[in-house]
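Asks: Chain order of the listed sequences is D and G. Under numbering that gives the first Met the number 0, the first residue of the first sequence is numbered 0, with each subsequent residue one higher. Under numbering that gives the first Met the number 0, the first residue of the second sequence is numbered 0, with each subsequent residue one higher.
Don't read these hints as lab results, they were simulated from the structure. No experiment lies behind these values; they were computed from the predicted model shown. In this text, a Cβ means the ideal position worked out from N, Cα and C, and glycines have one as well. Treat the hints with care, since some could be wrong.
[Said to hold, decoys possible] 27 Å max Cα-Cα, derived DSSO-like pairs, lysine-lysine: (1) G:LYS75 - D:LYS145; (2) G:LYS66 - D:LYS147; (3) D:LYS145 - D:LYS131; (4) G:LYS75 - D:LYS151; (5) D:LYS147 - G:LYS75; (6) G:LYS76 - D:LYS147; (7) G:LYS76 - D:LYS131; (8) D:LYS131 - G:LYS66; (9) D:LYS21 - D:LYS35; (10) D:LYS151 - G:LYS66; (11) D:LYS131 - D:LYS147; (12) D:LYS145 - G:LYS66; (13) G:LYS76 - G:LYS66; (14) D:LYS25 - D:LYS35; (15) D:LYS151 - G:LYS76; (16) G:LYS76 - D:LYS145; (17) D:LYS131 - G:LYS75; (18) G:LYS76 - G:LYS94; (19) D:LYS131 - D:LYS151.
[What the hints assert, rightly or not] Pair ranges (Cβ atoms, derived): (20) G:LEU85 - D:SER40: 58 to 66 Å; (21) G:PRO86 - D:GLN157: 22 to 30 Å; (22) G:GLN93 - D:LYS151: 39 to 47 Å; (23) G:ARG91 - D:ARG163: 16 to 24 Å; (24) D:GLY24 - G:ALA95: 45 to 53 Å; (25) G:ILE89 - D:ASP9: 55 to 63 Å.
[To be verified] Over the 10 Å line for every Cβ pair with chain G, so calculated as not near, a few chain D residues: (26) SER8; (27) LYS25; (28) LYS27; (29) THR28; (30) ILE30; (31) GLU31; (32) THR32; (33) ARG34; (34) LYS35; (35) SER36; (36) ASP38; (37) ALA42; (38) PRO44; (39) HIS66; (40) PRO70.
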Amino acid sequence: MALVRVISSDGAAFLVSQRLAKRSGKLKTEIETFRKSSDNSEAQPEIRIVTIRAEILRLVLQWLQQHQNDPVLPANQNEQDGRGDAEMGQSQWDRDFLAPMDLGIVMELILAANHLEVKGLLDITCKLVESKITGRTVDEIRTAFKLKSDFKGNEEEQTRLENRWCVEN
Amino acid sequence: MDVKPEENTGVQVQEAKASHADNIGEEEHDSVGSSRPVPVLPPEIWARIFEFCSTRNDVIAVMTTCKQWNHLASSKKTTVLLPLVLPFVIERLQKADILACRRQRWISIHLPDPPYPMNFSRGLPPTKYINKLYAYDQVGKFS
Numbered sequence: 000m001a002l003v004r005v006i007s008s009d010g011a012a013f014l015v016s017q018r019l020a021k022r023s024g025k026l027k028t029e030i031e032t033f034r035k036s037s038d039n040s041e042a043q044p045e046i047r048i049v050t051i052r053a054e055i056l057r058l059v060l061q062w063l064q065q066h067q068n069d070p071v072l073p074a075n076q077n078e079q080d081g082r083g084d085a086e087m088g089q090s091q092w093d094r095d096f097l098a099p100m101d102l103g104i105v106m107e108l109i110l111a112a113n114h115l116e117v118k119g120l121l122d123i124t125c126k127l128v129e130s131k132i133t134g135r136t137v138d139e140i141r142t143a144f145k146l147k148s149d150f151k152g153n154e155e156e157q158t159r160l161e162n163r164w165c166v167e168n
Numbered sequence: 000m001d002v003k004p005e006e007n008t009g010v011q012v013q014e015a016k017a018s019h020a021d022n023i024g025e026e027e028h029d030s031v032g033s034s035r036p037v038p039v040l041p042p043e044i045w046a047r048i049f050e051f052c053s054t055r056n057d058v059i060a061v062m063t064t065c066k067q068w069n070h071l072a073s074s075k076k077t078t079v080l081l082p083l084v085l086p087f088v089i090e091r092l093q094k095a096d097i098l099a100c101r102r103q104r105w106i107s108i109h110l111p112d113p114p115y116p117m118n119f120s121r122g123l124p125p126t127k128y129i130n131k132l133y134a135y136d137q138v139g140k141f142s
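Let's have the full structure, built from the sequences with the hints guiding it.
Replies: What follows is the structure in structure tokens.
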């Protein structure tokens, strides 16, 4: 089995089958670039991911491992409305996988999935973050995402007034 | 640590730090941290997240949270409000007027310098807007 060594930003190395690694667009490109530049066709590629720490990289690989037999979604699928197949593609395993994670980890996972070009994971994590917004008030959203209002003067009140007519009661 | 790729999984940690489990399949969900600050997501990711917002209230709440979110969700507002507004447009506007609006849209796209001031229609009801539009000779050529 052809393997590839994927190294996280904090130095943890993961030995992954190339078949599995190629389900990530980024890793696939890196492996193909390595193959073109290497004289030895048997050499094991080593890919350093400087932006993803081990805990997150492990989760991404774990998700890829679980979904290794799924069809690969093209990166631009449903690009027109910006959404993927999050509702359709989310399995019970995915829900159990994401359930214990706090928001910070989920957002790191989003960044990792985006960087590694793993569309399926990006879709379900984005959907999960959206679920933290659904049904919440502005103050609750700000608290959840640790955001502060940067509206100046009465801009916030003006925005509320502009949109008051279309709020559902 | 010896490298022993597992059968059927294809993944193995080769050099994990002491705090990491040795096998991906044995990930301890309880260890997933909670005290870290929330990472900053780039605008394109937020836009992708907001695309999943499906109710008006959620979109409005997002728009009222901060300036960046207000900007990112403003196009989404149109999408969620369209089903609300469209029945009234269809009910109140004559079909001929709707078609005339389409023609006006076509003209605005294909004519780089419209022969009428850009804000001439501000505040006008749709029928008056169309009538005033017809008053411009240049527009008449597309009739």
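Asks: Between the alpha carbons of LYS145 of chain D and LYS66 of chain G, is the straight-line distance 27 Å or under?
Replies: 15 Å, holds
Asks: Going straight from one Cα to the other, do LYS75 of chain G and LYS151 of chain D come out at no more than 27 Å?
Replies: 23 Å, holds
Asks: Please work out if LYS147 of chain D and LYS75 of chain G have their alpha carbons no farther apart than 27 Å.
Replies: 22 Å, holds
Asks: Holds or violated: LYS131 of chain D and LYS147 of chain D, Cα atoms, limit 27 Å.
Replies: 17 Å, holds
Asks: Decide, holds or violated, for the assertion that all CB atoms of chain G are farther than 10 Å from the CB of ARG34 of chain D.
Replies: Holds, because the least Cβ-Cβ distance between ARG34 of chain D and chain G comes to about 18 Å, which exceeds 10 Å.
Asks: Decide if the proposed pair is consistent with the structure: LYS151 of chain D and LYS66 of chain G, CA atoms, cutoff 27 Å inclusive.
Replies: 9 Å, holds
Asks: Non-interface claim for THR32 of chain D: all C-beta distances to chain G beyond 10 Å?
Replies: The assertion about THR32 of chain D holds, with a minimum of 21 Å to chain G.
Asks: Are all beta-carbon distances from PRO44 of chain D to chain G longer than 10 Å?
Replies: Correct as stated: the minimum Cβ-Cβ distance to chain G is 14 Å, above 10 Å.
Asks: Over 10 Å to the closest beta carbon of chain G is the bar; see if SER36 of chain D clears it.
Replies: Answer for SER36 of chain D: holds, closest chain G Cβ roughly 23 Å.
Asks: Mind verifying the non-interface call on SER8 of chain D? Its CB should be farther than 10 Å from each CB in chain G.
Replies: 12 Å, holds
Asks: When you look at the beta carbon of HIS66 of chain D, is every beta carbon of chain G farther off than 10 Å?
Replies: With a cut-off of 10 Å, HIS66 of chain D remains clear of chain G, as the shortest Cβ separation is near 13 Å.
Asks: Checking one constraint from the list: CA of LYS131 of chain D to CA of LYS75 of chain G, max 27 Å. Satisfied?
Replies: Given pair LYS131 of chain D, LYS75 of chain G holds - Cα atoms ~18 Å apart, limit 27 Å.
Of the numbered hints stated above, none is contradicted by the structure.
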